[in-house]
Amino acid sequence: MNLSPDQIVFHDFGFVKLNATIVFTWAIMATLVILARMATRNLTSEHRRSRWQNLMEILVTGILGQIREVGLKQPRQYLPFLGTLFLFIAASSLGTILPGYHAPTGSLSTTAALALCVLVAVPFYGISRQGLAEYLKGYVRPSIVMLPFNIISEASRTLALSVRLFGNMMSGAMIIGILITITPFLFPIVMTLLGLLTGMVQAYIFTVLATVYIAAAVRST
Amino acid sequence: MLIDWFTVIAQAVNFLILVWLMKKFLYGPVIEAIDKREQRIARQIRDAEEEKAKALQEREDFEAKNKDLESRRAAMIAAMEEEIAERRSKTVTEIREESESIRQRWRQSLEEEKEALAESFTSRAGQEALATARQIISDLSGATLHELVVAVFLDNLHKLDAVARGEIMSRISHNGDPVEVRSAMPLSEPDRQKILQALEDVFNEGLSVTFEVDESLVCGLEVRSGGRRIGWNVDDYLHSLRQRVDQWMAHETGSGNPDTK
Chain A
41 MNLSPDQIVF
51 HDFGFVKLNA
61 TIVFTWAIMA
71 TLVILARMAT
81 RNLTSEHRRS
91 RWQNLMEILV
101 TGILGQIREV
111 GLKQPRQYLP
121 FLGTLFLFIA
131 ASSLGTILPG
141 YHAPTGSLST
151 TAALALCVLV
161 AVPFYGISRQ
171 GLAEYLKGYV
181 RPSIVMLPFN
191 IISEASRTLA
201 LSVRLFGNMM
211 SGAMIIGILI
221 TITPFLFPIV
231 MTLLGLLTGM
241 VQAYIFTVLA
251 TVYIAAAVRS
261 T
Chain L
517 MLIDWFTVIA
527 QAVNFLILVW
537 LMKKFLYGPV
547 IEAIDKREQR
557 IARQIRDAEE
567 EKAKALQERE
577 DFEAKNKDLE
587 SRRAAMIAAM
597 EEEIAERRSK
607 TVTEIREESE
617 SIRQRWRQSL
627 EEEKEALAES
637 FTSRAGQEAL
647 ATARQIISDL
657 SGATLHELVV
667 AVFLDNLHKL
677 DAVARGEIMS
687 RISHNGDPVE
697 VRSAMPLSEP
707 DRQKILQALE
717 DVFNEGLSVT
727 FEVDESLVCG
737 LEVRSGGRRI
747 GWNVDDYLHS
757 LRQRVDQWMA
767 HETGSGNPDT
777 K
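For the record, the sequence lines run as chains A and L. Under the numbering used here, residues 41 to 261 are what the first sequence spells out, in order. Under the numbering used here, residues 517 to 777 are what the second sequence spells out, in order.
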């Protein structure tokens, strides 16, 4: 039994390996882009609009609302990054209903990559908002003594983000795999439903935590 | 090992590509559409507010105009009523004046008619009375009325008082005024002789006497000289009769005149 889709390698070029994680990520990317393209192909600014447009508008405005609620005053600036984070993780979870599918988020490499992106995005937004000096001063507040703790906190939360998501997704897939061998009928389906729920919750948690970190970085002191 | 570093890098790149793609195909267009709609709604609201303000302004204008019109109408009605009253009083005055003048004319024509009637009555009465009297006298005495007239005239001449006689005589002698004998009908020669004789008896001899016919005397005889008149004629009686008739008519029309009511 594979703990991670990384171990399913379709083609090996030495360091470069085309594994299931990358392949399913591409599939998700393609699906999201195609859906987005289809939904936004006939956008209109009239009062009457298509159901797809309505759905997309609800999605976008919902994400914007969430970002604003966390405390970012100009949510549009952060929408592409945070919104895509949510949609990607949610889509990865939703895919589990398909047989033979392996969620890319069930790979620690993927969650680590996402957590690293957040790790980079936080200072990026913080610096672009406050300037480098002001951002760096945040690490020595309220005193220089706090500097190591702040750095540790930065590293540990990245680790926590990646492991939390990986653990949840992997455990879900693992439990279903184990249950299939014990009780092949019914119960795995219930667990799949539960897995969908936890996948959605994890997508939400991951995105909200990333938002909170960015909000903390850009807040002027 | 759970982490494959190549996969981490690949996934990070994949994720960034996805961010870019989603921005291009989802967030960008959707946000643009929402913005456009919001702008349009805002524009519509603004337009609606402008329209409303305009409508309010127009309503105020209309009300002001209406009020103005109302006041002007009231003023015009008042002016019209005043003019009507003025015209009515003027017309009433005119009608009154006209009726007054009509009444005056009516009265005048009535007077004239009365006059003419009296005139004709006098004339007719004179003629009738004369004819009747002539008939009566002729029937009673066998003499003509004319002879009686001459007799009465001669009697009157003889009865003339001294003062009148003296005055006439002085006028005849001083001024040389002629003595004029006027009669209603031509006198016969014996009558003329009688009258000449009587005049010479009363006054002096050598008088220049002329005889003339004057039908207005109706029936009678008179002598005129120097503004004095001696004589007798029916005209005098008729004159007094006419005065009585006039008095009677005045009484009758006076009692029947609506003006006096």
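Source of the hints: derived by calculation from the structure; they are not laboratory data. Wrong hints could be hidden among the right ones.
Partner residues are not named here, just some residues of chain A that face chain L (Cβ under 8 Å, in silico) [said to hold, decoys possible]:
| hint | residue |
| --- | --- |
| 1 | N59 |
| 2 | T61 |
| 3 | T65 |
| 4 | A76 |
| 5 | N82 |
| 6 | T84 |
| 7 | S85 |
| 8 | R88 |
| 9 | R91 |
| 10 | M96 |
| 11 | L119 |
| 12 | F121 |
| 13 | L154 |
| 14 | L159 |
| 15 | N190 |
| 16 | I192 |
Cβ atoms here follow ideal geometry from the backbone N, Cα and C, with glycine treated the same way.
Query - Enumerated hints in conflict with the structure, sorted upward - result: 5, 8, 9, 14, 15 and 16
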